[in-house]
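Based on the sequences and whatever the hints tell you, model everything.
So the sequence shown is numbered by our numbering: it starts at 1 and just counts up by one.
Treat the hints as calculated values from the structure; they're not laboratory data.
From the three backbone atoms N, C-alpha and C, an ideal C-beta is built for every residue, glycine too.
One or more hints might be untrue.
To be verified - With beta-carbon atoms standing in for the labels, derived distance ranges:
1) 165 / 106: 16 to 22 Å
2) 162 / 36: 37 to 43 Å
3) 42 / 159: 32 to 38 Å
4) 127 / 71: 23 to 29 Å
5) 13 / 162: 20 to 26 Å
6) 159 / 133: 17 to 23 Å
7) 36 / 169: 33 to 39 Å
8) 169 / 119: 18 to 24 Å
9) 42 / 141: 19 to 25 Å
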Amino acid sequence: MSVVTAGDPVVLRRMGEADIRAVTAIDEMVFVRPWSTGFLRDQILGTDARFHVVAEVGGEVVGHAGLAVVADEGHVTTVAVSPSAQRAGIGCLLLAELCRRSVSLNLVAMTLEVRASNLPARGLYSRFGFAPSGVRPGYYSDNGEDALVMWAHDIADPSFLERVEAACASTRVTCGGGDHV
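Structure below.
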């Protein structure tokens with residue numbers, strides 16, 4: 001995959017079984033302990049409590065994100081972008097889609113865990129209105145790093161989606177090929 005450039009249209013769509021190989025390849029590049037193909041397959045098949053989306057540029061999957069619905073809350077389970085496509089705004093577009101889905105499902109809040117050392121991701125989540133609310137000590141088994149728990153409690157307020165759209169307004173890429181998934 002070549003580097004994503006300004007104006008490249010990004011297509012967001014629901015993740016399907018045919019995407020598992022590409023998603024696994026991305027995860028192997030960006031995560032120390034990626035999910036197995038079997039686990040990914042379980043995440044996308046046979047449940048309404050999970051929502052996974054992929055981002056494509058030029059027909060190639062360059063990122064993905066997942067949401068688990070637990071009672072009336074959305075839990076961001078993953079956001080990953082291929083290293084060659086990072087810093088172009090694809091992660092922003094993916095997270096925005098999870099936020100839109102959460103609002104459309106009438107959820108009351110969203111949460112996630114992020115490595116305490118992952119300052120770029122923490123910054124992205126903060127722009128969306130996620131605020132730190134606690135720490136899970138030793139959460140990451142590869143090195144014992146803590147996870148920062150972040151929440152957005154105002155997702156039913158119209159200002160939440162306004163903030164989401166504003167957070168992605170300055171991305172280098174554009175969402176093309178349809179409105180939202």
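Hint check:
no.: 1; hint: 165 / 106: 16 to 22 Å; verdict: holds, 19 Å
no.: 2; hint: 162 / 36: 37 to 43 Å; verdict: holds, 38 Å
no.: 3; hint: 42 / 159: 32 to 38 Å; verdict: holds, 36 Å
no.: 4; hint: 127 / 71: 23 to 29 Å; verdict: holds, 26 Å
no.: 5; hint: 13 / 162: 20 to 26 Å; verdict: holds, 25 Å
no.: 6; hint: 159 / 133: 17 to 23 Å; verdict: holds, 19 Å
no.: 7; hint: 36 / 169: 33 to 39 Å; verdict: holds, 36 Å
no.: 8; hint: 169 / 119: 18 to 24 Å; verdict: holds, 22 Å
no.: 9; hint: 42 / 141: 19 to 25 Å; verdict: holds, 20 Å
Checked against the numbered hints above, the structure violates none of them.
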